[in-house]
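Chain B: place on chain A using the hints.
2 protein chains.
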Amino acid sequence: MPTLSSRGLDIGASPIRNLLPFARKAKEQGKHIYHLNIGQPDIATPAPALKAIKELKENIVSYGPSEGLPALRETVASYYNRFHAELSADDLYVTTGASEAILFTFLSICDNGDEIIIPEPFYANYLGFAHLTNIKIVPLTSRLEEEFKLPNTEDFEKLINTKTKAIFLCNPGNPTGQLYSAEQLERLIHVVKKHRLFLIVDEVYREFCYENKFTSILSFKGIEDNVIVIDSISKVFSSCGARVGYLISKNKSFLQSVTKYAQLRLSPPYFGQILALSCYENCSEYIHKAKEEYRYRRDVLFDEITKIGTIKHYKPAAAFYNIVELPVKDAEEFCKWLLTDFEYDGSTLMMAPANGFYCNKAIGKQQVRIAYVLNSADLKTSMKCLKVALSKYPECQ
Amino acid sequence: MPTLSSRGLDIGASPIRNLLPFARKAKEQGKHIYHLNIGQPDIATPAPALKAIKELKENIVSYGPSEGLPALRETVASYYNRFHAELSADDLYVTTGASEAILFTFLSICDNGDEIIIPEPFYANYLGFAHLTNIKIVPLTSRLEEEFKLPNTEDFEKLINTKTKAIFLCNPGNPTGQLYSAEQLERLIHVVKKHRLFLIVDEVYREFCYENKFTSILSFKGIEDNVIVIDSISKVFSSCGARVGYLISKNKSFLQSVTKYAQLRLSPPYFGQILALSCYENCSEYIHKAKEEYRYRRDVLFDEITKIGTIKHYKPAAAFYNIVELPVKDAEEFCKWLLTDFEYDGSTLMMAPANGFYCNKAIGKQQVRIAYVLNSADLKTSMKCLKVALSKYPECQ
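Here the protein sequences come in this chain order: A and B. Residues in the first sequence are numbered consecutively from 77, following this note's numbering. Residues in the second sequence are numbered consecutively from 77, following this note's numbering.
The following block holds chain A by itself, in its conformation from the complex (with noise of 0.2 Å):
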């Protein structure tokens, strides 16, 4: 039998996918399970998006080109205005999926062995990019108990070297539902130019601010050559499945080197680009209702957390994701033994233990991340299934 590659059996698999099978099991025992582990909105998409699907015209399904349907660069470009970008289609390419824009942006800016800084608790899945891409992710703790505040710029300085090519921030914060403001992001400014880097910014959750408003990287004035956007229409008009992100940037260097990437790939899905292109029509109010249900919801999981009263959290500023401590030693455990040996009135719940997020495990151990990407009801119902496993579970008795 011939054999793998190190680097494919290396490669963790998904942290918020390995209590997959137990989920299935628990299903086909019958039991209702609430998914908060995973951020899969239950928001319809846009209708006037999926309409425009339907009455397509075209009778061949073509290659697009390799930077993405010029109307929908376009679009979306006007879209930053509002945000104070002053974009031009040029910046702006489309890609397979916020994926493929984190993919073609490692590969882009980094050769083996190089590194990147970012603040931990980050999205699993960033790491899994950097092993393909032989970079290595250097973590800079934020801590729960100060709400996963940016990490001071010492402490950024502190982990720059020769290797260091980037800081990259996921601002709103999956899995934190963290916002850095303005004052934050323009001290960071000065670290990445003074020592050169790109600064990377995920800003997938922008339109999910609570409290604050969303500032872009890029309204920032003066380093243009540095900023790199990662974007998504996944969370903002839940459309996960139609694999349509962005890659931004205006350092015409950058972009020419990830045209090179986009050609190997040939072209962003079709279908998708449509649905993309819709979505943006009219859409402040479809955003602004999302944004509200979210908030609610938020707001909801929020007393009922502290209902509990033995759960260390907070209230996250935006996003639709929280990080709280348990008052369990091993939260995996806790969340593998809630669909193995658990229910309540029929039903369970499925978290996504926290130590995926970090690169220091131990201090995400007895977190997990709550996606609140169920109604209200669903909602409630599911913390009381929390409070009571918490009472059942062995090691708290």
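These are computed hints drawn from the structure, not numbers from a lab. Just so you know, not all the hints are guaranteed correct.
The list treats identical chains as one, so a pair stands whether inside a single copy or across any two.
DSSO-like mimics (lysine-lysine), calculated; alpha carbons at most 27 Å apart, straight line [what the hints assert, rightly or not]: (1) Lys101 x Lys468; (2) Lys133 x Lys367; (3) Lys463 x Lys270; (4) Lys212 x Lys239; (5) Lys437 x Lys328; (6) Lys328 x Lys101; (7) Lys107 x Lys367; (8) Lys225 x Lys367; (9) Lys441 x Lys391; (10) Lys101 x Lys412; (11) Lys225 x Lys297; (12) Lys328 x Lys239; (13) Lys391 x Lys225; (14) Lys107 x Lys383.
Coordinates of chain B only, in the frame set by chain A:
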């Protein structure tokens, strides 16, 4: 300004797309261009499949399973029965085009510096994905004079060393239009078994064989752990923009590794999968018609090229490509000249310089790939155009 990666700077731009700026300029000048340069079929996508997209009832475009929609995996597994493949849905993953299937394969079987042997000329993007994954492609030259027949097993064996992980074939061949026989494949199977190598076969063009019957590598018994097949709906169902491909293997360890990469990019495009699912319903008639159309075009093209008299060529047995040798010193220069300095009745033609399909660039220097993806009338006119061009090309005076 921050610096880019060497790999991003080093990776070659797509040779097929290199001439695009000149083509754009020619169009701006009002020239009509016959596009024989790219494998974008002009045949309509199956109408029932386009209808299936329009009849979708879902109101949320969600992530699907990373391995692809179960219904599609089952349907495609059954489709392979006609090639004596005996697949189950578990043996088949849906990918974002054949491109992603190639990427996942390279990542899963090769570490940095490992080698894959490929008969050249080969599909240029194999080289791009090898560059992305730090793999060395070892070419084994096949020749126009021999209608690009499979090189001898001894020649393959001479190239095998401890770094060799796989032999990679494209059957039927892009860019050559060659078809390997069961006997030829059988001989190669002995080589891969003896040296414990993977045998990757890109069978994207399997439905377009004009002389002899197609033999899928999946029909051979006893080499299940060695075989990996790359497939796609792009060419067979004229659905390039859907971005749906497949990765097929009965090697469970290999698929376990692929699963991790598949999870990393979350899921393949939803709409493309819905389109694909319907493509296979009653597909025999659609495929038969497409095949007969391509056969007719192939014959027309062969006759027209023969009439020109100064071009070295052969009658391809499959796919919709032909490599021909022109009476010019540098085919790439000639292709550029066709766009910049030539026109005939307001028209010119675009072909793919074949040096992009060779590692040994010198061998392909006088060759071009012609894709017969235009109707027969356009093919005739474009060959007329080529004849005039050759008579006017300064070097041929």
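Evaluation of the provided hints:
For the identical chains of this complex, Lys101 and Lys468 are intra-copy neighbours only, at 21 Å inside a copy versus 72 Å across copies, given an alpha-carbon limit of 27 Å. Taking identical chains as interchangeable, the C-alpha atoms of Lys133 and Lys367 lie at most 27 Å apart only when they sit on different chains, with a minimum of 25 Å there against 33 Å within one chain. Within a single copy, Lys463 and Lys270 get their C-alpha atoms no closer than 49 Å, and across copies no closer than 60 Å, so neither meets the 27 Å cut-off. Taking the shortest alpha-carbon separations for Lys212 and Lys239, both the intra-copy value of 9 Å and the inter-copy value of 25 Å come in at or below 27 Å.
In the homo-oligomer, the alpha carbons of Lys437 and Lys328 never lie at most 27 Å apart, since the shortest distance is 38 Å inside one protomer and 30 Å across protomers. For a Cα distance limit of 27 Å, the shortest separation of Lys328 from Lys101 across copies, 21 Å, qualifies, whereas the shortest one inside one copy, 50 Å, does not. For the homomeric pair Lys107 and Lys367, neither the shortest alpha-carbon distance inside one copy (31 Å) nor that between copies (50 Å) is at most 27 Å. Taking identical chains as interchangeable, the C-alpha atoms of Lys225 and Lys367 lie at most 27 Å apart only when both belong to the same chain, with a minimum of 22 Å there against 61 Å between chains.
In the homo-oligomer, the alpha carbons of Lys441 and Lys391 lie at most 27 Å apart inside one protomer (20 Å), although the nearest pairing across protomers, at 65 Å, exceeds that limit. In this assembly of identical chains, the alpha carbons of Lys101 and Lys412 lie at most 27 Å apart only when taken from the same copy (11 Å versus 61 Å across copies). In this assembly of identical chains, the alpha carbons of Lys225 and Lys297 lie at most 27 Å apart only when taken from the same copy (24 Å versus 59 Å across copies). In this assembly of identical chains, Lys328 and Lys239 lie within 27 Å of each other by CA distance solely inside one copy; the values are 23 Å within and 38 Å between copies.
When the C-alpha separation of Lys391 and Lys225 is checked against a cutoff of 27 Å, the pair qualifies only within one copy, where the shortest distance is 13 Å, while the shortest distance between copies is 67 Å. Taking the shortest Cα distances, Lys107 and Lys383 sit within 27 Å of each other inside one copy (25 Å), while across copies they are farther apart (73 Å).
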